[in-house]
Amino acid sequence: MASKKSKTLWSSVSDTFRPTVEYYFGTYSTVKKVRVQNTSIAVLYRFLQLAVLAYIAIYIVYIKKGYQDVQIPSGASVIKVKGVARVTANRSNFVSNDIEEDLWDAAEYLVPPLENNAFFVATRKIVTYNQTLGTCPSGGLIEIQQQWKCNFDSLKVEKKCFPTFTFNLLQSGSDELSPGINYRFAEKYSVNGKKYRTLTKIYGFRFIVAINGKGRQFDIVNLFVAIGSGLGYMIIGEIICGFVFARFHKYSTEYRQVKSTGLKLRHVRDPPSPTAHPALSNLVVKDIRQSQGTV
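All the letters of the sequence shown, read from the start, carry residue numbers 0 to 294 under numbering that gives the first Met the number 0.
These are computed hints drawn from the structure, not numbers from a lab.
What you were told as hints is all true, and nothing was included just to trick you.
Between beta-carbon pairs, the in silico distance windows are:
#1 214 - 248: 49 to 55 Å
#2 232 - 18: 33 to 39 Å
#3 189 - 104: 26 to 32 Å
#4 217 - 78: 30 to 36 Å
#5 250 - 28: 21 to 27 Å
#6 23 - 249: 29 to 35 Å
#7 74 - 23: 55 to 61 Å
All C-beta atoms in this analysis are idealised placements derived from N, C-alpha and C, irrespective of residue type, glycine included.
With these hints in hand, go ahead and build the complete structure from the sequences.
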């Protein structure tokens, strides 16, 4: 009884899934081209084709510059700062209670003197033995965006390209946790054999230079790739028109019948050889003689 039940269960399962398996693994579908004389569908199809061609020409090729090869710039900026700055200094413990003005050059306000992709400009200095406070702000962190946009196909560029600069404030001196950019350094000295040091805290602006952009130039391979990728959208017109004709047109039934046909192939044995049957062989020879006589 158990074996009969298992066979019955297996046969029911196989009968359930057999059509699905035969459809997916035993059926091959091809594309059938049907020519339909219908003005509305034809106009819709040509309109979709023109829309795809306009998308390729205007968006892919012209706006996105699909015909150009793109190169991302990479490198570092080495910046040298020169000039004189006027700062205020409080010398109450040395000369008088008046606030005097000092002149700093690059050797005093630029520390360290040389960096890659950045530079620091000191605006205030605090010395422990004098607590010298200036009237300049505490400093901050500023980003300099160096943007390169070069189109070497343009005749105006003439193989020359210049960047544009934008400045972004990343940190100001009003932050409560860490106001501005500052660092400390010590100067050691000795008096009567005893070692001392002068601790200095410097505030200032730190500028970070970021390089980005794109360089473009015509490339025939990119042009063909852009056009080829756009032509793939042509299939959208066939899909939309076929869907409209098969679902919403008044002749949708006739269209579906013509569009989808089935072909079932069976194995046909080879016809018997004439030499295997003498009567058939004589009949063939007689037909050949008659045909020769009529010619």
